[in-house]
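For this one, chain A is given, so just place chain B on it according to the hints.
Chain residues, written in single-letter form:
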Amino acid sequence: MKPNLTSLWIEEAIILFLKNEIYDPSIHLDKHTNLIESGMDSFSLLNMLMFIEKKFNICIPQEEINETRMKNVQNLTDLIYDLTKKE
Amino acid sequence: MISQKKNRIYLNGSDCIMLAFDYQMRRLGAPGNMGQIILGLSSRFSETDFRNQISLVKKRFPIINAVLKRGLFNRIPYWEVDADSGLPYPQVKTHDLEKSTGPATLKALKRDILNQPMNIKKGELVRFDLIYTAGGCMKVIMTWAHVLMDAHGAESFLAIVGGSLMGKTDFNPTNNLMSGGYKNRFFDPPSSPPKWQDAKKFFNRIDNIASAPPVSLYTKYKQKIKPRLDYQIISFDLDETKYLLDLAEKNCGFLNESEYFISSVMGEFHNVCCAKGLDSPSYVVPLSVDLRKKGTRLPVFSNQFATLLYSFKPENLLCRESIIEAFKIQTQDAFRNNLIFANLCALEFSRFLPSWLYARKVRQTLKGEIASIVIANPGKSLSDLSTFMGIPVSYQHHVPTVVIPPGIGVVFYTYSGKLFITLAYLEGMISPVEADEFLQKIRSHLLHRD
Numbered sequence: 001m002k003p004n005l006t007s008l009w010i011e012e013a014i015i016l017f018l019k020n021e022i023y024d025p026s027i028h029l030d031k032h033t034n035l036i037e038s039g040m041d042s043f044s045l046l047n048m049l050m051f052i053e054k055k056f057n058i059c060i061p062q063e064e065i066n067e068t069r070m071k072n073v074q075n076l077t078d079l080i081y082d083l084t085k086k087e
Numbered sequence: 088m089i090s091q092k093k094n095r096i097y098l099n100g101s102d103c104i105m106l107a108f109d110y111q112m113r114r115l116g117a118p119g120n121m122g123q124i125i126l127g128l129s130s131r132f133s134e135t136d137f138r139n140q141i142s143l144v145k146k147r148f149p150i151i152n153a154v155l156k157r158g159l160f161n162r163i164p165y166w167e168v169d170a171d172s173g174l175p176y177p178q179v180k181t182h183d184l185e186k187s188t189g190p191a192t193l194k195a196l197k198r199d200i201l202n203q204p205m206n207i208k209k210g211e212l213v214r215f216d217l218i219y220t221a222g223g224c225m226k227v228i229m230t231w232a233h234v235l236m237d238a239h240g241a242e243s244f245l246a247i248v249g250g251s252l253m254g255k256t257d258f259n260p261t262n263n264l265m266s267g268g269y270k271n272r273f274f275d276p277p278s279s280p281p282k283w284q285d286a287k288k289f290f291n292r293i294d295n296i297a298s299a300p301p302v303s304l305y306t307k308y309k310q311k312i313k314p315r316l317d318y319q320i321i322s323f324d325l326d327e328t329k330y331l332l333d334l335a336e337k338n339c340g341f342l343n344e345s346e347y348f349i350s351s352v353m354g355e356f357h358n359v360c361c362a363k364g365l366d367s368p369s370y371v372v373p374l375s376v377d378l379r380k381k382g383t384r385l386p387v388f389s390n391q392f393a394t395l396l397y398s399f400k401p402e403n404l405l406c407r408e409s410i411i412e413a414f415k416i417q418t419q420d421a422f423r424n425n426l427i428f429a430n431l432c433a434l435e436f437s438r439f440l441p442s443w444l445y446a447r448k449v450r451q452t453l454k455g456e457i458a459s460i461v462i463a464n465p466g467k468s469l470s471d472l473s474t475f476m477g478i479p480v481s482y483q484h485h486v487p488t489v490v491i492p493p494g495i496g497v498v499f500y501t502y503s504g505k506l507f508i509t510l511a512y513l514e515g516m517i518s519p520v521e522a523d524e525f526l527q528k529i530r531s532h533l534l535h536r537d
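So the sequences go chain by chain: A and B.
With the numbering used here applied, the first sequence covers 1 to 87.
With the numbering used here applied, the second sequence covers 88 to 537.
Errors might be hidden in some of the hints.
[To be verified] DSBU-like, lysine-lysine: derived pairs with alpha carbons at most 35 Å apart: (1) A:K54 <-> B:K467; (2) A:K55 <-> A:K19; (3) A:K54 <-> B:K282; (4) A:K54 <-> B:K415; (5) B:K329 <-> A:K71; (6) B:K156 <-> B:K146; (7) B:K467 <-> B:K145; (8) B:K313 <-> A:K85; (9) B:K454 <-> B:K287; (10) B:K208 <-> B:K454; (11) A:K55 <-> A:K31; (12) B:K337 <-> A:K19; (13) B:K454 <-> A:K54; (14) B:K145 <-> A:K31; (15) B:K180 <-> A:K55; (16) A:K19 <-> B:K146; (17) A:K86 <-> B:K337; (18) A:K55 <-> B:K282; (19) A:K31 <-> B:K337; (20) B:K287 <-> B:K180; (21) B:K209 <-> B:K329; (22) A:K71 <-> B:K505; (23) A:K55 <-> B:K415; (24) A:K19 <-> B:K415; (25) A:K19 <-> B:K194; (26) B:K467 <-> A:K55; (27) B:K381 <-> A:K31; (28) A:K85 <-> B:K381; (29) B:K381 <-> A:K86; (30) A:K71 <-> B:K454; (31) A:K19 <-> B:K287; (32) B:K467 <-> B:K288; (33) B:K194 <-> B:K313; (34) A:K55 <-> B:K337; (35) B:K505 <-> B:K448; (36) A:K31 <-> B:K146.
[As the list claims (entries may be wrong)] Sample of chain B residues at the chain A side, in silico, Cβ under 7 Å: (37) F341; (38) L342; (39) V376; (40) K380.
The set of hints was computed from the structure by calculation and includes no laboratory data.
Cβ atoms here follow ideal geometry from the backbone N, Cα and C, with glycine treated the same way.
Bound-form chain A, shown alone (with noise of 0.2 Å):
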C-alpha cells in the first residue's frame, strides 16, 4: 500500500537524494534549479528515475521523460504526484 504523500515530503525526499548522490555540494538546489543546465547528464538521469520508482512505487511512462518534466523538482513532483493518484 502507498503511504499517504504529500507534495512537500516528494519535493524533500528528491532534493536530499540530489544533494547527497547527484549534485557537488556547491550547486543550490531548491525545487526551481534547472536540473539538466547544473550538469545531469543520461547516467545521473538513469539513477534519480530508478530512485523515484523505488522510492514512490510508480513507474514512470517514457513519454513523460522529457525535458518539461525533467526540467526541475517542482515539475518533477507535480508528476510524481499525479502518478501516485492514478496508480
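Structure of chain B alone, referenced to chain A:
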C-alpha cells in the same frame, strides 16, 4: 576516499588503468596516454604573466609535478607530492609561427606536440605550448598525462591556470567526489581486498565478449602502421547542433545523445572496416561513465569514471535502428547487473598489479585486442573557459591520444553550443583522406542526410 599521508596520494583504480594504457602505448612506440586541450585566442597575453601564473598554480597544486612511486609492501602506486621538489615542470614552450607560410606548418607543429612523450616517472605530468600565429592571434595547448586527471578535471584545471576559476572555489577536494552511490569505491591501503565477487561480474562480461573476440584495424595492418598519432576535427554550427540534438532526442530519448552519436560512428566505422577488408566477428567499444558529482568545478586530480564494454556483431551494424537497439539492450543489461560497480571493483585490481602485467592481462583476455574503436562524449565544455588570461577564447578542441589497439578514437564535445568531433588515429591506419571521409559520413549520418 582517496588516502593522503602527508605528501602521498594514492592512485584510484581508474587512474591505474590509465597508467596501464600509458605503459601499453609506450611499449608499442607511441608517446603515451595523454589528453590535450587546444584554445584559440584572438589576441595574445604576456608570456611573463603566464609563467608567473603557472608558478602560482604550481604552489597551489604541487601534484602537477608529483613523482609516481609504488608502496614498498602493498605495491600500490601513489603520487609523491613535494612542494619544494624544484622540478622544472610544467614546462612552457613557445613557438613563433607569425611568419609561417601556411596552415600546413601549424598543422605539422600541432601533430609534433601531440606526439612528444611526457616523462611521467620524473614528474612531467602537464605541459603548455604557446603558438603565436599571424594577425596577433595565439593558440594555447595544454597536454596532460591521463593518469593525473580526466578531461573534465583538465578543463577545470585549465580554467584555473587561465585565471577565470582562480579564487572562485576553495579547491578543497572533499572525499565525496562520486555520484550515484559509488562514493565508497576506494579501498584504503592497507586495504581490505577488492570485492572479488562483484568484480567477477565484469570479468564474466569480458569472457562473454571473448567468445567472438574482435579484430581491430591495428592488428590487421600493424606492419604498415606507425606509432605516431594524427587527428582531424569537424564542427557543426549552432543550427546544425540544435537540429541534430533534436534528432538524437527523437531517436534515442531525452539526454541520450551519446547513444545517437555512437550509432552514427559504429555504422560508418563498420563501413570503413569492410572497405579495408577487415572481417571482424565483433566490434568492442569501451564507453566511460562519468561518475563525478555533477556541477563540480574542481580539477580533482584523479579519474572519476567507470567503463562499460559494448559489443556489436556485424549484423547489429546494418542500420541506425539495429545499432540503437543493440546498444539499448546492453545498457539495460549493464544497469540490471550493476556492471558499473562491477567495473569499479575490477579496476581496483589494477592498483595491486604492475602496469605491464595489468596491460598484458587486459590484452590476453580479448586475444590481443583492447577494443575496436574508442568513443567518448565528455559533453559540454566548461563555461569558465570562455576567457583565458583575460582574453576571449574563440574555440576549444579536445585531442586525446588513443590506446593501442585499436589506435583510433572519436570524441564528441560541445563548446559555446556548437558540437565538435575529433577523430584521432595512428598514421597509416587510415589515410587523411579516408579520415576526412569518415568524419563527413558521420556528419551526414548525424544530420540524417545519409
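Status of the hints after comparison with the structure:
no.: 1; hint: A:K54 <-> B:K467; verdict: holds (30 Å)
no.: 2; hint: A:K55 <-> A:K19; verdict: holds (16 Å)
no.: 3; hint: A:K54 <-> B:K282; verdict: holds (26 Å)
no.: 4; hint: A:K54 <-> B:K415; verdict: holds (21 Å)
no.: 5; hint: B:K329 <-> A:K71; verdict: holds (18 Å)
no.: 6; hint: B:K156 <-> B:K146; verdict: holds (21 Å)
no.: 7; hint: B:K467 <-> B:K145; verdict: holds (27 Å)
no.: 8; hint: B:K313 <-> A:K85; verdict: violated (64 Å)
no.: 9; hint: B:K454 <-> B:K287; verdict: holds (19 Å)
no.: 10; hint: B:K208 <-> B:K454; verdict: holds (29 Å)
no.: 11; hint: A:K55 <-> A:K31; verdict: holds (18 Å)
no.: 12; hint: B:K337 <-> A:K19; verdict: holds (30 Å)
no.: 13; hint: B:K454 <-> A:K54; verdict: violated (41 Å)
no.: 14; hint: B:K145 <-> A:K31; verdict: violated (40 Å)
no.: 15; hint: B:K180 <-> A:K55; verdict: violated (55 Å)
no.: 16; hint: A:K19 <-> B:K146; verdict: holds (32 Å)
no.: 17; hint: A:K86 <-> B:K337; verdict: holds (27 Å)
no.: 18; hint: A:K55 <-> B:K282; verdict: holds (27 Å)
no.: 19; hint: A:K31 <-> B:K337; verdict: holds (27 Å)
no.: 20; hint: B:K287 <-> B:K180; verdict: violated (46 Å)
no.: 21; hint: B:K209 <-> B:K329; verdict: violated (45 Å)
no.: 22; hint: A:K71 <-> B:K505; verdict: holds (22 Å)
no.: 23; hint: A:K55 <-> B:K415; verdict: holds (24 Å)
no.: 24; hint: A:K19 <-> B:K415; verdict: holds (28 Å)
no.: 25; hint: A:K19 <-> B:K194; verdict: violated (45 Å)
no.: 26; hint: B:K467 <-> A:K55; verdict: holds (31 Å)
no.: 27; hint: B:K381 <-> A:K31; verdict: holds (17 Å)
no.: 28; hint: A:K85 <-> B:K381; verdict: holds (32 Å)
no.: 29; hint: B:K381 <-> A:K86; verdict: holds (33 Å)
no.: 30; hint: A:K71 <-> B:K454; verdict: violated (46 Å)
no.: 31; hint: A:K19 <-> B:K287; verdict: holds (31 Å)
no.: 32; hint: B:K467 <-> B:K288; verdict: holds (32 Å)
no.: 33; hint: B:K194 <-> B:K313; verdict: holds (18 Å)
no.: 34; hint: A:K55 <-> B:K337; verdict: holds (29 Å)
no.: 35; hint: B:K505 <-> B:K448; verdict: violated (40 Å)
no.: 36; hint: A:K31 <-> B:K146; verdict: violated (40 Å)
no.: 37; hint: F341; verdict: holds (5 Å)
no.: 38; hint: L342; verdict: holds (4 Å)
no.: 39; hint: V376; verdict: holds (5 Å)
no.: 40; hint: K380; verdict: holds (4 Å)
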